[in-house]
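So the chains spell out like this:
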Amino acid sequence: MKSFIKSIVVLSILVFGINNTICSQNSPTTHTVLIKKMKFIPEVLKVKKGDTVVWINKDFYPHDVSKYDDNAWHSSPLDKGESWSKIVTETEEYYCSLHVVMRGQIILTN
Amino acid sequence: MKTIKKSTNQIFAILIIAIFSNISAIAQDKVTLTDPEVASVAVVANQIDISYAEIALKKSKNKEILAFAKRMVTDHSAVIKQAVALVTKLSVTPKDNAVSQSLNEGAEKTKKMLNNASAKDFDKLYIDNEVAYHKAVIGAIEGLLIPESDNKELKGLLEDVLPALQAHLKHAEMVQSKL
Ligand SMILES: [Cu+2]
Numbered sequence: 001m002k003s004f005i006k007s008i009v010v011l012s013i014l015v016f017g018i019n020n021t022i023c024s025q026n027s028p029t030t031h032t033v034l035i036k037k038m039k040f041i042p043e044v045l046k047v048k049k050g051d052t053v054v055w056i057n058k059d060f061y062p063h064d065v066s067k068y069d070d071n072a073w074h075s076s077p078l079d080k081g082e083s084w085s086k087i088v089t090e091t092e093e094y095y096c097s098l099h100v101v102m103r104g105q106i107i108l109t110n
Numbered sequence: 001m002k003t004i005k006k007s008t009n010q011i012f013a014i015l016i017i018a019i020f021s022n023i024s025a026i027a028q029d030k031v032t033l034t035d036p037e038v039a040s041v042a043v044v045a046n047q048i049d050i051s052y053a054e055i056a057l058k059k060s061k062n063k064e065i066l067a068f069a070k071r072m073v074t075d076h077s078a079v080i081k082q083a084v085a086l087v088t089k090l091s092v093t094p095k096d097n098a099v100s101q102s103l104n105e106g107a108e109k110t111k112k113m114l115n116n117a118s119a120k121d122f123d124k125l126y127i128d129n130e131v132a133y134h135k136a137v138i139g140a141i142e143g144l145l146i147p148e149s150d151n152k153e154l155k156g157l158l159e160d161v162l163p164a165l166q167a168h169l170k171h172a173e174m175v176q177s178k179l
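So the sequences go chain by chain: F and L. If you count the first sequence from 1, position 16 lands on 16 in this note's numbering, and the numbers rise without skipping. If you count the second sequence from 1, position 24 lands on 24 in this note's numbering, and the numbers rise without skipping.
Derived from the structure by calculation, the hints contain no laboratory data. Fair warning: this is a prediction, and the values are worked out from it, not measured in the lab. All the given hints hold, so there is nothing to weed out.
Simulated DEER-style distance windows between Cβ atoms:
| hint | chain 1 | residue 1 | chain 2 | residue 2 | range |
| --- | --- | --- | --- | --- | --- |
| 1 | F | ILE87 | L | GLU105 | 50 to 56 angstroms |
| 2 | L | ALA67 | F | GLU43 | 19 to 25 angstroms |
| 3 | F | GLY81 | L | ASP150 | 27 to 33 angstroms |
| 4 | L | SER177 | F | LYS67 | 19 to 25 angstroms |
| 5 | L | ASP96 | F | GLY81 | 30 to 36 angstroms |
Even glycine gets a Cβ: it sits at the ideal position worked out from N, Cα and C.
Please put together the full structure from these sequences, using the hints given.
Next up, the structure:
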């Protein structure tokens, strides 16, 4: 009887553990894009629907993150060290509306 | 009217060539610069572009020219701030020199030209000058200021400024192509 309870406990720990791993694989993750030397790094980022992307400005010039090219969504200007995040629900092209030649892409993957 | 425009453009072309040849002549003469002199050239080159932008902010009504000029003020001020912070940290005082003086002389002529330009011609003259000026400054940083810097941090700051100047150049060319 004792060994039965023991194996139940072991089993439930195992199942719970596996469940947990599966859950964390499906749960949204956070990706970081650095804004450095007038570039979004990486320029192309692959994410899953619902993931969060955080942009961090490492330059001493202000930059922003804006939907290309209608600014339908956008951050405010980010000073050095400041960051901004967005939950991604679709494939997006974006740019810095202050330095219009700076471009980036987020691609949804399944 | 056409002749007037043509002659303005010719005068302008001559001015640009003068600025370029000044810088390349200096580079060819193998002028040696000390770090305080490199710092002075860097600060002066940024101040000049701010002064052009200030004229544009007063004279232009074009949205893209105004946005570009505003960006030049912000970014070149940020470079000056970094340069001042660095020379303060290194206890270096920027020192006036032949290159800084030549840049300032060229800038005086260009500012006069921009200030005297008609409202109709201004935007093109301004953005053409921005394209030429950023090319010249990129050339001067790569060919003169970086090789002449002894201090690693000063060299590093100049190298960090290049991507911004290249982005400004592309931005200026974009605005130029839409005029
Ligand atoms: Cu930017």
